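Generate coordinates for the entire structure from the input sequences, incorporating the hints supplied.
Protein sequences appear in the order of chains A and B. Counting from 1, position 339 in the first sequence corresponds to residue 339 in our numbering; the numbering is continuous, with no gaps. Throughout, our numbering is defined as the position within the second sequence, counted from one, plus 1000.
These aren't lab readings, by the way, just hints derived from the structure by calculation. The model shown is predicted, which means the values in this text are computed figures rather than measured ones. Don't take each hint at face value.
To be verified - One side only, chain A facing chain B, incomplete, derived with CB under 10 Å:
hint, residue
1, Asn57
2, Arg61
3, Val64
4, Ser84
5, Ser96
6, Asn105
7, Ala238
8, Val290
Quick reminder that beta carbons are idealized off the backbone N, C-alpha and C, glycines included.
As a plain string of letters, each chain reads:
Protein chains: 2
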Amino acid sequence: MTDTTPRAAVPTLDEVAVLAGVSRATVSRVVNDSPRVSPEAREAVRSAIAELRYVPNRMARSLVTRRTDTIALVLNEPNTQVFSDPFFASIVRGVSATLADTDLNLVLLTAQDEREQQKIGRYARLGHVDGVILMSVHSDDPLPDILAEAGVPLVMCGRPFDDRAVAFVDADNRGGAEVATAHLIATGHRRIATITGPLDMIAGVDRLAGHRAALAAAGLRTFPELEAEGDFTEAGGARAMESLLGRDPELDAVFVASDPMAVGALSALRRAGRRVPDDVAVVGFDDAAVATRCDPPLTTIAQPLADMTPLLTELLLRQIEGVGEAVESRVCRTSLVRRASA
Amino acid sequence: MTDTTPRAAVPTLDEVAVLAGVSRATVSRVVNDSPRVSPEAREAVRSAIAELRYVPNRMARSLVTRRTDTIALVLNEPNTQVFSDPFFASIVRGVSATLADTDLNLVLLTAQDEREQQKIGRYARLGHVDGVILMSVHSDDPLPDILAEAGVPLVMCGRPFDDRAVAFVDADNRGGAEVATAHLIATGHRRIATITGPLDMIAGVDRLAGHRAALAAAGLRTFPELEAEGDFTEAGGARAMESLLGRDPELDAVFVASDPMAVGALSALRRAGRRVPDDVAVVGFDDAAVATRCDPPLTTIAQPLADMTPLLTELLLRQIEGVGEAVESRVCRTSLVRRASA
DNA sequence: CGGGGGCGTGAGAACGCTCTCACGGCCGTG
DNA sequence: CACGGCCGTGAGAGCGTTCTCACGCCCCCG
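In structure tokens:
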């Protein structure tokens, strides 16, 4: 009804230039905030732009600048469940917020299988994005290679499996896990089990290594029956806890490699009639929001997400700008947050 | 190490043409699968493309075709919690899977505040996407207007608040809720509460309307103290259930407008010492995976997501192709899934 | 044996922008 | 008063595609 022109004829730079009585170049300068424009010309262009409701054509611009001003956050996860992990939500939220001040756009790409991974590789290679933040990398993942080969600036969230020269930001998973289990030892527990993350993910591997290191440091042995592999989901945590309880009913503590899994473990323990922390102490990992809400509130290892997400984008932007040839990486400190579960 | 050329000089159509001994136009025809190319020329071009590892420049192509071959799934949600709702995960997964067979790319855009919404509007207007699927629309949402004005093909997931001419795909929320509450009535319950969705979302409004309609049809009155507004999260469901129990300890059933909220309600009921379904019967909505896992398994209303997601993309693609001027919408049937909670 | 109709091909314009370069006009300095 | 320098501006060349035409060629039919 309000639309008088049936097909909204999109105005071009030329039309703005004609209306403003200047050249195309001057309009371009105004649009791109170049300082070398007289106030009068600038004003004339401004009002012409407003009148025509001009919006620059991004494709034309990208064609010449070779930049798209969009970066991709790639979620590489076959397991749909994990998609709803609060850790991801936090990263997405954080990166999105960091980028909000810039004129960069953020797109989320998800890959659930190899076909979709290839598609993402193609998408990146086609120059749709200036850079990629890659999350949730598994050991057999082709995506790091695909993206590296595509020559796209890349920052991984979590260190890579091999020692490849790629930028990454990671929490000190090993150190955090070590602190977690050391805390359980210090509070008098001796039969300490662990629910690991997926062992095809570096966070899963590192947190298990930290747990074992803490046991070793205290002169305690590691027992296979006290280690159960989870999948970072609440349901997986519950299953793992049940399995653990079946294998060693006497266990008195458990380090769980993520808070959602710990919540699952908590309900499995409750169903089994164990009190937390009196019968079984529980320490989680992440310090997700759910850790404060569950019953009892979870003692857990906090990842400094507030530091990590800006770092993630910062390292990527630096790569995109091309300053500093060497890829740079960061490992962020974790800390123990004591609540009621241990 | 393996990279001999420091800066991977991206080959262009011209270079392929020269190597293949044909013109640019012929290469373009081969790339775009035009039939009017001789087998020999096609083969020459093919091998030249392979040798040069040629990839078409998407920006240049988009500039002339005015298509980007990417569509956006916009998640418009201030509440980070809701981001991890299994319903969203299913939609994302479904749309992504539907698009996997096409050469269309899917990007996810999230908006948590008005600034980010404006950014998405700009992104769309700039021609980054061929079309938009919009999810999680709230009553005061500027995004539908922004996108409509931007002239981008648009399909909404869920009907709009006003009767605007926009394509949408929705479940029969009202009908489903009516069936849910009717089921509670049929099984002998009389003091039936409801935990609604956010009432600034159409799904929340419609499900409440269905609930009330079922009560009215059975000659039962609606009481304000038997209605509590939730936010589609588990924590919100638990809070609402507690509030309901405080307001009317005698209630014998509750229709909960989403499964995550129902799970929260279940734990609130457990904490309050009520047995489900003996003391209080519970019916959820969504038939999310969690409905089968919780204790007791949830009787719920299934949305036909398997139908809805292909429909969503289909309607959008049809708009993009420009066939069929009139916007088309669909409302999908829901069904009662009986488990143990009611 | 001549003419019409494909079919495969190439030349070149167009898409909308950025950016280099050159050119006047003004100022300040010697 | 003359000259160098800077500042604002415009002309025009690209960026890498697609797509419209026009042009030979060969084949088939009369």
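Here's how the hints hold up against the structure:
no.: 1; hint: Asn57; result: 6 Å, holds
no.: 2; hint: Arg61; result: 9 Å, holds
no.: 3; hint: Val64; result: 9 Å, holds
no.: 4; hint: Ser84; result: 4 Å, holds
no.: 5; hint: Ser96; result: 6 Å, holds
no.: 6; hint: Asn105; result: 5 Å, holds
no.: 7; hint: Ala238; result: 9 Å, holds
no.: 8; hint: Val290; result: 8 Å, holds
When held up to the earlier numbered hints, the structure conflicts with none and fits them all.
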